[in-house]
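Trainee: Okay, here's what each chain looks like letter by letter:
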Amino acid sequence: MDRRSFIRLTAISGTGAALASCGTPENELIRFVPDEDIVPGQAVFKPSVCPLCSAGCGLTVRLMDADADVMRNGKSGVVRILAAKKLEGNAAYPVNAGALCARGQAAIQTTYHPDRITQPLKRSGQRGDGRYAAMSWDDAIGEVVKQLDALETAGKQKALAFFSRSNRGHRSALIAHFLARFGAPASISYDIFGDEVLRRANAISFGREQQPTFDLPNARHVISFGADFLGTWNSPVSQGHGYGLMRQGRSGVRGTLAQVEARMSQTGANADEWVPAKPGSEGVIALGLAHLLMMEKLRTAAAAGRAGAAIDGWSAGLPDYAPERVESLSGVSTARLTRLAHALAERTPSVAIVGGAPLAHTNGLVTALAVNALNALLGSVEKPGGLFFTPQINLAAASKAPAATPSPSESLDKAAAAAQVVLIDGANPLFTAAPEWKLREALQQVPFIASFSTFLDETTAMADVILPDHTFLESFAEALPESGSLTAVVGAAPAAMKPLHDTRATPDVLIEISQKLARPLNLPWMTFEEMLTATFMALPAMTEGSDAWTDAQEKGGWWGTLPARLVTQAAATPAATKPIAYAEPGFDGDATQYPLHFLPYSSSAFLDGSLAHLPWLQEMPDPITSAMWSSWVEINTATAAKLGIADGDVVEIASSHGTLRAPAVVSPGIAPDVVAMPAGQGHRTFTRYASGRGANPIEVLAPARVEGTDALAWAATRVKVTRVSGADGSLILFAGGSREEVRGRG
Amino acid sequence: MSQPAHARINVDLLRPLLRTSWRFYFLVAALGSIVLTALVSWLSQAFFGFGVTGIRWPVYWGFYVTNFVFWIGISHAGTLISAILRLVDAGWRRPVTRCAEVITVFALMIGAMFPIIHLGRPWLAFWLFPYPSERLIWPNFRSPLVWDFFAINTYLTGSVLFLVLPMIPDFAVVRDKATGVRKTIYTYLACGWRGTPRQWHRLETAMQIMAIGIVPVAVSVHTIVSFDFSMAPVPMWQSTIFGPYFVVGAIFSGIAGLLIAMAVLRKVLHLQDYLHPVHFQNLGKLLLVMALLWGYFVFNERLVTYYGNGPSEMAVFWRTQRESFAPLYWTMVICNFVLPLVLMGIRYFRTITGCVIASLGVVVGMWLERFLIIVPSLGHKYLPYSYGIYRPQPVEIIIAIATFAAMMLLYVLFAKLVPIISIWELKAGRASASLAEAVGEGGDARPVARGEANL
Amino acid sequence: MKAVYGLYEDGQAAQQAVNRLRAAGVNDRDITVMSSQPMEDVEFGHMGGKTWMWWIACGGGLLGMATAFGLAWLTETSWPINVGGLPTFAWWPNLIIIFELTMLGAILATVVTLVVSARLGRSSTIYDPAVSDGLILVGVEETSDARVRELQDALGAVRGEIKVVA
Amino acid sequence: MPKWGMAVDLDRCDGCGACVTACHAENNISTVGADQAARGRAKHWIRVERYWEGEFPDVRLKFRPVMCQHCDNAPCEPVCPTYASHHTPDGLNAQVYNRCIGTRYCANACPYNVRFFDFFNPSWDKPLHLQLNPDVSLREVGVMEKCTFCVQRIKATTIQAKSEDRPVKDGEIQPACAQACPSRALVFGDLSDPESEVSRLSRSPRGSKLLEDVGTKPSVTYLSKQ
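Protein chains in written order, with my numbering: chain A, 1 to 746; chain B, 1 to 455; chain C, 1 to 166; chain D, 1 to 226.
This is chain A alone, in the form it adopts within the complex (with noise of 0.2 Å):
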């Protein structure tokens, strides 16, 4: 008994309660064999792909021995298994060249998260209330089989909804067989602070509907458009491995960057010039440019080809563009403007990037055509430090299995109000659609909905069945990195670690309920392994004698120049049919009763609440705020003493849609008519770090669309804020001050 016991027993003999050992003890514990060699204390490395983002960064997982909690046979024991520990940018990957972001660091935590879902479940309370019974797999697939034969019998395929994560990728390839060879409409991708929208422009302007990427390390002067791209926006780490050697990486050529937008992000932080400009108007700013690039004769119109094609008015040199109108419909004086003009025209290569809040205005697509129109003006478009597009392999083609494309479906909430049969894929649309939509209401009354997710979250607590997937670690790990290398990559690497539970990797699932319904659907593959494995045989092999396939087990993917036949051509959509000129963004609600302009943005820890239920991000303080667990509303200094609202104050944020109340933030980072939150706070059942936590802007957001489009306009809500009361503690700040200096002397 060493000293430390003997006052731990004085405690509580002096209650009187008897001290209860808790677990079993040490000699009791029953060690089963271990099923897999491991030499204990040496690292072994494998490769995976980090499935959190679009960017799909390659992994290198260091394992190494660890002793889990089995339960074998009805005992329970402890068997040594060899383990993830840590997870590690893949240095060889042409994407993130080795770092990593910090949501990829915390990818692990979806692996050994407590709340994970472990087995098949059942639901056995009302729909919603998130009371579920365990059950085997077999009658979980089987009650999927029974509802899809339903639908066949009925013919009623087409009233199939599937939603799921991203339409890219050799899992999307798989589901979207699946619903063509069934005859169900295209599956829902619904993300969103997805770029539907700058898709939608780059294929107009330049014929490829895909997200660019940024020769940044070359370019001498970015100007960025209310893009966060070196926080959460498009593919981060790559981009954030750009602007380190754009600024640092030449010797004596500094890159310079400019940032426009109406609140402060954590790209902003870094600009050399941050712009503040009214919302909405950062298309007008870029008209604004070109006009004056023009007119100086610093550029020719004609150069921007096609992309100029597309604004009204571009061949004539922009007249309506005039610097004065561009001031009074942005803000920003005309001599910032020839200052910002210059800047591009002198320090060459310039590229201008446009993502995030400016597309998602009423006039969002006009502002990324415009910028569209300034890259190419610029000569950016496929040139050094310039805008490319990662060549993109065409999966039909390398598989040599018949293209599926199954029709287009509807948006979110025609689909699931049309729905009979809801399947889900790694989607949470109930915490992410506009309240409007009515989602909830029109789950509801769906007679029968399944989900594959890890994790009980808004929209699987509605699920009748939930069959757990494995995490990316237990799993074929696959990507197919849209943007963020200049070179073609295909990510993929199979299963890093033993799966800890009894869950199944979704693709073998789906391709099982595929070969049992009274209708096979005889995909063209048994397994999802024979799919990679069909893709990687059409590339060339990366190292002499040896194939592709073996290659990408060993390094994480195959990346290089693709042949030719398996590149995705540039789809011949024609331009625009009619050249679009600048239209006002249009807001939901009257400027008088709702004075401020609501202003959600993907946070820097959650994306858009996908990722708040691991605890390293719920505590890793926020780059802006410091604040860790907790949800915030940004408000400009000067608007924050006008309102009478002091830092750390509850503030009342009320839309024409939704009110929702979280504590205030008083930042000089901020324009006076904008009010900021981040998004990914306020679930209501997320495991037991995110339940309850903070309050979600989406809540107050009007339903309104970006027009050519129907992504949703997220940023168009109009809101009224109030104080309700003095701090009530639930915002923790990680830093006590935010200024250096010591102000005034008395």
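For each label pair, taking beta carbons as the anchor points, the in silico distance ranges come out as:
1) D:S224 <-> B:T157: 48 to 58 Å
2) D:G171 <-> A:T543: 21 to 31 Å
3) D:P134 <-> B:Y131: 29 to 39 Å
4) B:S133 <-> A:D502: 48 to 58 Å
For the record, the hints were derived by calculation from the structure and aren't laboratory data. Think of the CB as a built atom: it goes at the ideal place given N, C-alpha and C, for glycine as much as any other residue.
Here the structure of chain A is known, so what remains is to put chains B, C and D in place on it, guided by the hints.
Mentor: Only chains B, C and D this time, still in chain A's reference frame:
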């Protein structure tokens, strides 16, 4: 200043020892329960983890270290006053010295507990002790905490002996007066004291040496306690003035503590015949002097910081002067400077109650002063990102209150076991006083005590 | 062996008794005087004789200093650990430890000398509780029976009682 | 004997916080939960400080990653009574967890506030404990912990190099934060080798030390933006 007759001294001073009323048991029970709650709360802190306190990043020291410095401060007046008064052979010291030395010993014991209480892993506190261990590692003698360890232990040994030695003749008196079990105990305690000139001479010489030795040790202890702060590069900590500043603060709070203790004893034990207003006035004047000295040091430190105008120093400066800690700061200035100056400066107010009010103010003020040295500086160091606000938790508040209860408890028990005024010194004083006055006092026939309310 | 002693009201009476004993041929070492407080103002108060306590205290101090220096030097050089760039045997900080133990040595030496030289803890043949009431006792501890009578006369103070102890 | 040091290029750092989470993953730093974080007990061995400059509209935000500076003249080392915090021959400020008795004096003496205290026994909800790195010792309640420049990686690579009888190559040892940093702002290496990348950066005209006037002689050099 008339001294009661010889025999009456024995009766008056031994009365608390020989007769105990129910009030004593009630008081001991009350104070004991407070101390017990503090013990249980400390054990719960050791058991559940240090998080039950209010300590946080970056303010890693709070109430516990404030109490530590405060109680080590209170302990200084006792020895310093009795030692100096003994050296200069001030006649009026006789009834005061033991009260003072007792405060020193008990305050030291309470203060010395706090380095253990504020440890994250108290069950390893013995690593501070330089003992040869098979791990071949010794404490780091270059650390101010190890200096604290040596200094406080030396000072504790010194002041305990300084207290105990003059008690031996008093034990002899009690041995002669007491009966039964008490007699056997005190016979053992008096360890054969007979009062031969040889013994008296040795005792007096020993007390002289101890008096000379204890003064530098007392000064060194609080300088070392101030080194705990001035050795660390923290804004408004790293200043050379901290040594004397803390020693002055210590004596200041010590005198205040002594005045309060003497006033309470005089009231409860009916020692009006021994603790005359002149004692309070002399100590009151000393309190006034120390208040001025303390004010001087505070002004000195503040001016140098203000004039130097370093950014991080000024951040702490304004926090205490104007912003979050300003109310505490100005209460401290009023309690430590304005109140003593007014009450002690004006003769009309310098009565016993005046002294007690001023002393209570000074005790509160000095506790606040230690708090305002530690917490604002730690919360606002060089990097503003890492500023922090400290909020004490119940555990710390209970233990802080319990320290005062513990002091009173120990004092009450001591007054029950040992005559609170040194009998033989009083008699020695009376003998020399009567020689000075031509006519012998004789037993002035003042009634022994007004009413039987004794403890 | 017999002990003879007398009790006296005040210093003068006791002093006269002592002088009478001296006159009777008893040398100072055998005369025992007890009082309830140190009698600085009378001659017998100084019969205690010289003491070496001051020098022993200094000796104790030196011993403390040596131990401190040894402790600091041996421990720091036995396992030299670089701490904040300070030298292994850093003089300035160690001076504090050396000072503390010097004072401790001096204090302990004083107390030890006191206990030893004042023969504390040893029982004594004659003691009278009346001493604590302020009376002063003058007597001789061991006398042969023959001399008891003679000493009693010498002690024969006006009011003091004379006692004989076996 | 190597002297480990780091260079932080503030022009490259974009404040993304990848280093913060990478450090948690590598060094078994437990999360303390919302209410303990509210009481200021969150542990981040490396933090990205941010400071506002100016007022709207011409406002700037400055990021600065701060980790233990492993100072040569470290104020936290002489004040530790049990030698738990001391300087190793290869220039690291070592924190011996089992020697620490929790006086917390070192954290008070540190001008950079990079030392964190375990207020409660670090715990991981099962099976999160499977992620714990066996190379890094766990800490008990009442112990001070801080950035160690990933000493387990330094030791592993040094032993590996010795077994292959070759010197450690520059850049071969990467602490978790430097490895994860997207913009390569954090560079780690041997300051005593003049050719190493970190030495080159430390000699850059843009280089300066954090809180140099306190006199701690830190081993980390910050390269300013311009």
